[in-house]
Amino acid sequence: MKTGLENFRPRLRPGRVIPQGSRIIFETDNPYNQIVLPMALADLVLLCSGQFTVREIVEKIYRKQGAVPFKWILSAIHSFHQGGFFENGDDLTLSSHLDSWVAPRRSKWHLSWRFGQRIVTDQKSPVGFYALTLATLVLSILGLQHFPSAPVSLLKAWSSEISFWPALLSLFAFSSVVLTIRFILCGIQLLLLTGKAYNVSLRLSLWGVHLHVGDEANFSPENRLYTAMFHISQILSPWALVYASSYFLDQDNFTRLLITALIASGWELNPFFNTEGRKLLRHFLIPNDREVMSWHFEKSVLFNTMSPELKAQDRRFSVICSVWGALWLTMAMVVLHEFLIHFGGPILESLTHWSSNSWTHLISALAWIGCVFYVTRTALEKVFLNLIHPYLEPIKLRFQRLSREKQWSTSDIANVLENLPLFSHFHGQYMDEIIAGSEVLTFREGAQVVRQNEVSNDLYVLLEGSVEVIRSNEDETEEWVLELGPNSVLGESALADGSPSPSRVVTESEATLLKVPVHLLRKVAEEAQTIRQIEDFKNAILVNQFFAASPVFRSLNAEAVDFISSRGSLEYYNANQTVFYQGDRGDSLYMILRGSVDILVNGKKVKSLGQGNFFGEIALISNIARTATITTREPSVLFSISADSFWQILVQNMDLGIFIETISENRLKEDIELTATKPTGSDSN
Amino acid sequence: MSWSLRRKQHGSVYQVHEYASQLGVERRKNPRAKYPSQNLSSLPSVFYGSYSVPVQDVSVGGVCLLDVEDRLEQQTGNEVEFRLIWPDGEQIVRSRIVARVNPRVHVQFLNLNPDRAEAISKAIVPGIRGTAMRPVDHPHQRIQLDAEEIYTSVHGDSLVINKAGTIIAGLNLLGREYTITRHFWPKIEKKYYVSPLEFEAILIFMANIPQASERCRELLKRLQSLYFEGRL
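Here the protein sequences come in this chain order: X and A.
Going by our numbering, the first sequence opens with residue 1, and the numbers climb by one from there.
Going by our numbering, the second sequence opens with residue 1, and the numbers climb by one from there.
Treat the hints as calculated values from the structure; they're not laboratory data.
Treat the numbers as computed from the prediction; the structure is a model and nothing was measured.
There could be a bad hint or two in this list.
Stated by the list, open to error - A partial selection of chain A residues facing chain X, derived with a Cβ cut-off under 7 Å:
1) S50
2) A147
3) V154
4) V160
Cβ coordinates follow ideal geometry from the N, Cα and C atoms, glycine included.
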């Protein structure tokens with residue numbers, strides 16, 4: 001049964017864990033394969049027995065180590081999955097749109113006799129690899145001079161002199177030789193570069209009977225140049241053979257070799273299978289950690305909030321792959337068209353006047369139809385849809401919006417309200433009472449829903465569209481506070497305080513809001529005797545707005561928000577008060593419900609954080625001391641969550657864990673840059 | 001597109017720790033580390049008058065002494081003077097007895113020289129790293145483990161106790177790899193014998209591993225005897 005990452009029960013193939021310095025090597029026996037991981041993941045490997053879900057494993061690791069390296073874990077599971085280490089890998093659902101380009105599609109159209117699980121040598125020689133690969137590339141370039149101007153004509157000229165089956169057999173034989181030499185080269189290159197070559201076998205496939213060397217050992221090179229040279233030389237190696245054999249092969253055999261080289265290198269450029277061409281493309285365009293993040297994060301709301309650049313990077317990769325694919329398919333179409341011109345007539349004639357030769361022509365015709373079908377289908381499915389995907393999205397959204405332009409029924413509104421933490425306590429008659437006393441309003445783009453410094457008696461729930469919260473300061477400057485999307489509550493703080501609203505709320509686009517009179521809400525809350533967990537109604541609204549507005553925590557479900565709300569506490573600070581000092585033991589995460597704070601590292605102010613943001617996560621996520629001192633810039637309200645509650649949420653929401661870990665890394669990176677470059681007060685004077 | 005070295009697929013140091021370490025802010029205020037032995041050059045010996053007091057653990061802020069002979073000040077809150085002796089000098093430190101749970105006496109330093117405090121702070125780093133170490137469970141036999149025991153921490157340190165062979169254990173501490181043999185001083189990167197100070201760091205690290213097994217404790221004893229025998 002297919003399942004998502006958190007509920008997946010990883011079961012590794014039987015194998016062994018070999019500690020080696022600061023890392024461990026996990027290796028399976030059949031097929032022979034290895035993966036190198038940080039030593040800290042030994043627990044993960046040994047817990048992947050199929051007994052626990054990933055979520056349970058993460059929880060166990062947290063209980064033991066006091067911290068969880070989420071990205072390492074995700075990366076390791078990704079590598080296990082991609083490398084075929086899981087016995088039940090098919091149960092895991094992949095979610096990225098990059099899957100079609102990143103996930104390998106291993107060809108199963110072959111029979112294999114494995115006779116060498118691994119060849120290992122201590123005599124690694126990167127220089128030898130470089131020299132051999134460079135020589136192969138030079139010979140290949142020389143061999144490409146023999147590239148025929150009209151490949152299909154060449155095939156016709158050659159096939160007219162020989163009957164169908166002998167022609168096919170001779171191509172099969174040449175292909176076997178070409179592939180065997182290519183894989184011998186591959187094995188030597190891997191031995192020179194990594195000292196290892198795995199899964200040496202004799203393989204029978206449609207391409208021939210040939211030696212095959214797996215490229216599993218290719219995980220260890222870390223030099224981009226070498227890896228690129230390896231893949232390019234593998235694509236072009238048949239042409240090196242063409243050049244070398246041009247001196248001793250007769251014309252007939254040379255033509256056969258040319259045709260084989262054309263097919264072999266043309267196929268390796270196919271980006272739709274796990275070919276050398278695709279590996280090369282992937283190697284250049286998408287870093288491993290990026291791929292891992294996309295793999296899991298694609299459909300997460302957090303992915304979009306993390307960085308638009310990362311999303312654009314994925315998109316670029318996808319577009320480049322699509323363009324490459326389109327070029328390859330066009331080339332294939334040209335070849336098929338040429339084939340039709342040259343062979344179509346005789347085949348058609350043979351089929352209409354049936355004779356003993358007609359069988360071969362029938363097979364050719366069927367093969368041709370199959371190729372055309374494959375090319376067309378791939379062009380539509382993998383290239384066309386991928387390229388037009390970004391243009392389809394706005395149309396789809398527009399259509400969805402149009403289809404939703406309807407009267408909001410009581411049940412629609414109830415569905416929205418029930419998912420809001422603030423309203424989730426109201427059920428049945430209480431919910432009906434709130435909805436009956438509320439009003440659905442539609443605002444145009446740019447309309448002010450809540451005015452600054454005005455006392456309002458209504459609370460708003462954003463049903464559709466988006467709004468911005470903006471604050472005008474005394475010095476007549478404007479400060480953008482936050483943006484709210486559907487299912488957010490707004491205008492509530494002024495109501496809760498009974499004081500003027502500190503900011504104004506303006507619609508960013510046409511928006512539909514539910515206006516809820518606050519006196520009604522208070523009355524129903526009293527009747528329902530809800531909101532017990534938080535000290536009063538105002539606090540509930542403050543916390544609710546944080547979760548509705550925070551791009552990070554907005555993705556949490558109602559249960560998780562309820563869980564955090566019930567375990568957190570509100571803390572009120574005056575201006576210039578210290579929340580915690582650098583070096584303190586970190587025991588809680590803080591969310592800024594109101595106000596703003598300064599962050600000081602080694603006494604230097606590195607940045608400020610405002611309403612809707614959070615801090616204190618670094619010490620919790622990595623089980624280290626506080627890395628900065630935090631002081632309030634203005635009177636602030638913070639919501640603190642204990643480390644235990646924080647971790648309970650993270651192990652239930654790995655997305656959030658990975659996201660917060662990434663934020664921690666980015667913040668620390670920024671701090672390093674700022675403390676390294678920013679002049680101190682005395683310096684600037 | 002750069003032709004720079006490709007980032008390792010799986011780095012061995014947790015990124016957040018690496019960055020925090022670059023900022024130099026990962027250390028806790030006054031963390032404490034256990035003394036593996038009383039006669040190490042990197043940690044001070046503590047004297048009360050002429051009485052050498054055994055030390056359980058130390059931090060920049062104070063020490064936990066083991067007053068097995070009941071010779072120290074009994075009243076908590078009182079100030080006393082201790083003599084802290086390093087190989088390169090000593091300091092009389094005014095201290096306060098903050099708690100007493102026999103035989104443990106918790107002492108707070110009141111005027112420790114900043115340079116000496118810095119020296120203690122540096123010396124106990126391996127010990128603090130040691131406290132984060134946890135044994136790796138091996139719950140099933142589908143996957144064989146080529147080691148008797150493994151201890152790891154999220155800080156990237158690890159200790160592998162081998163099943164057999166000349167090399168009885170491998171240690172990865174603060175990014176350096178040490179090999180431990182039965183009869184000789186540990187070697188760094190399998191080539192050079194460690195310096196006495198590095199050896200002490202290993203001892204302090206090992207002494208602070210919580211949940212240490214019998215094998216792990218035996219290994220510490222073995223290392224202690226090697227260190228004090230000074231055998232090379």
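Against the structure, the hints:
1. S50: Violated: closest Cβ of chain X sits about 37 Å from A/S50, beyond 7 Å.
2. A147: With Cβ-Cβ at 5 Å, under 7 Å, it holds.
3. V154: 5 Å, holds
4. V160: 4 Å, holds
In summary, the structure is inconsistent with hint 1 from the numbered list given earlier, while agreeing with all the others.
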